[in-house]
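Undergrad: What follows is each chain in one-letter form.
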Amino acid sequence: AQKITQTQPGMFVQEKEAVTLDCTYDTSDQSYGLFWYKQPSSGEMIFLIYQGSYDEQNATEGRYSLNFQKARKSANLVISASQLGDSAMYFCAMREATSGTYKYIFGTGTRLKVLA
Amino acid sequence: NAGVTQTPKFRILKIGQSMTLQCAQDMNHNYMYWYRQDPGMGLKLIYYSVGAGITDKGEVPNGYNVSRSTTEDFPLRLELAAPSQTSVYFCASRAGTGGAYGYTFGSGTRLTVV
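These protein sequence lines map, in sequence, to chains R and S. Using the working numbering, read the first sequence as starting at 16 and increasing by one per residue. Using the working numbering, read the second sequence as starting at 916 and increasing by one per residue.
Think of the hints as simulated: they come from the structure by calculation, not from any bench. Hints are not guaranteed to be accurate.
As a list, the in silico SDA-like pairs of lysine to any residue whose alpha-carbon atoms are at most 25 Å apart [said to hold, decoys possible]:
id	chain 1	residue 1	chain 2	residue 2
1	R	K88	S	A1015
2	R	K128	S	R1025
3	R	K128	R	G25
4	S	K959	R	P24
5	S	K929	S	V965
6	S	K972	S	T922
7	S	K929	S	V1028
8	R	K31	R	D101
9	R	K85	S	A1015
10	R	K85	S	Y1016
11	R	K85	R	E59
12	S	K959	R	T116
13	R	K85	S	G957
Chain S with its partners taken away, still in its complex shape (with noise of 0.2 Å):
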């Protein structure tokens, strides 16, 4: 059982290229989610989808744009990328729709725009 994979682990981008962050879960969880990690800071929401099909804006989406054909496959893409768009990217997916069930978190991709 992998659970959430992302690719790649770690990128280094040119300001104005694109390029997009892969994440699968073999888990079969509805729920995925796309964070971002700044140096000191706790993570914050780029884009979550409850299904295959449905995805919407977390809090700072700008940038950003993801798709959701598959129930295991939830990648994001970077357009015209940015410094500001540094960071480490976390994937994330929740099994169930109870309230205890945590996050089952990828490995992060470490980004960087120069």
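In isolation and in its complexed conformation, chain R is listed as follows (with noise of 0.2 Å):
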């Protein structure tokens, strides 16, 4: 079965700072897709990053880039130079197998906080 885990429930960074949020998948698939989220204390989610598996590079989006290591299954976000606004919970989604449905799971999230 694929499954997604997050094993920080919540991080802190200091301000300006690079912070990593771990993300490891489980899945017997060839194809498959990563992905990143950002939930706002609002409440809206928000997309940050993808990372398909046959991507080589890392897939980069301004201050957010993912570290893929394929072979170890992980998929963890880094965010470079940390702002106050980047508080807030993060998700890692990965597409399901299952062809033509485009399904996603998620893992449970990590919060970060990010200090002045």
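Please dock the two separately framed chains into a single complex, following the hints provided.
TA: Here it is in structure tokens:
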């Protein structure tokens, strides 16, 4: 069965420092996609970054990068130069293997608090 | 461009009541999804649709029903509300058939069943 695991319920980081949020996944499929979403206290879900299983380069989007280690089945989110506005819940998600449906499974999330 | 619109934002239901959570998107997306988020948990899929007239169950469908008569609308129906359905409900849609597309989420509906 496919599974996403986020082992850090909460993290603190000092403003302007980098932080890594962990995500490991379990799948037997060769083709899959990994996503990170941000959920601020206001509650909406914001798409941050995507990594395909066949992508050789780690994905980057501005201050966000995804440290993809396929053999270890990990897809950690790295936020560089943290800002106070980065304080939020962060969810890792994986696109399920079932073709044509694009269902995602989500981890339980990591709550990040950026300290001034 | 409004994206995905969910109504209502908040609702309190009594046990045994029914209600419909509305979801509409104006992006002409074929794929639409309903998730629920319980406190401290990730999102769990309730129902999904790959196009008008086509729906299927997700991981936690019991106590819910959906319909998809148009591309734009994907309402979620709660019959005989129970306290276990207290949750935040998210509707999402997805463009295209390529793997890289992320979901566009609505702002959520916070439902309390008392």
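Undergrad: Which hint numbers doesn't this structure obey?
TA: 5 and 11
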